[in-house]
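So the protein sequences, as listed, match chains R and A. Its first residue numbered 1, the first sequence is counted upward by one per residue in my numbering. Its first residue numbered 1, the second sequence is counted upward by one per residue in my numbering.
Heads up, a few of these hints could be off.
Said to hold, decoys possible - Some, not all, of what chain A presents toward chain R, calculated at C-beta under 10 Å:
id, residue
1, 33
2, 74
3, 94
4, 97
5, 98
Unchecked claim - Calculated from the model, a selection of chain A residues having no Cβ within reach of chain R, i.e. all distances over 10 Å:
id, residue
6, 17
7, 86
8, 95
Everything labelled a hint here was simulated from the structure, so no lab data went into it. Quick reminder that beta carbons are idealized off the backbone N, C-alpha and C, glycines included.
Residues per chain, in single letters:
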Amino acid sequence: GAVVSQHPSRVICKSGTSVKIECRSLDFQATTMFWYRQFPKQSLMLMATSNEGSKATYEQGVEKDKFLINHASLTLSTLTVTSAHPEDSSFYICSARNRVNGYTFGSGTRLTVV
Amino acid sequence: KNEVEQSPQNLTAQEGEFITINCSYSVGISALHWLQQHPGGGIVSLFMLSSGKKKHGRLIATINIQEKHSSLHITASHPRDSAVYICAVNNNDMRFGAGTRLTVKP
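The following block holds chain R by itself, in its conformation from the complex:
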């Protein structure tokens, strides 16, 4: 139990376009989801915390207008990278709190902006 499905797993997009990443909790309700970014050979960095039905809380240095987070239901949170640039190329991963072992992670999305 406690599975988080993340899509897409890989995406390549042109500079200036927007990309949406979805995370769904399949068998539990996730009132809180977390979005992380990981650059090559670096640790995971928390970008924002999304709470169902309210605005996301962004970490310092993360542009909320560039990384749009929507958590409209208890099972779905989306991260949209707007006007993507090559420096946004990274590995994005979500996690959700669950009652089983604390946190469940999505499988991640590798974004490449060309």
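Using the hints, position chain A against chain R.
Frame of chain R, contents of chain A only:
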């Protein structure tokens, strides 16, 4: 200084060896997590600890709250254990260590 320090950064072992990865943290926490990240990037939560010791198969995790230290042990290591192991601590949000890259050679 990072809030979460892991050691070693890289570890190479022969199949069958006993492995220990250490994690020290400097902040108050409600729980500590050990995560496993595979080469493709996917992350699996191995343990969540707030005290004592947990065991799952060949994996053992311990935590000493007073010393702010945790260890992850792998017994009878196998090449399929090769991955990056990440220590993370949480109170209101999660903070991650830099990870330990483990390579187990056959």
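**Item:** Index of numbered hints that the structure contradicts, given in increasing order
**Value:** 2, 7 and 8
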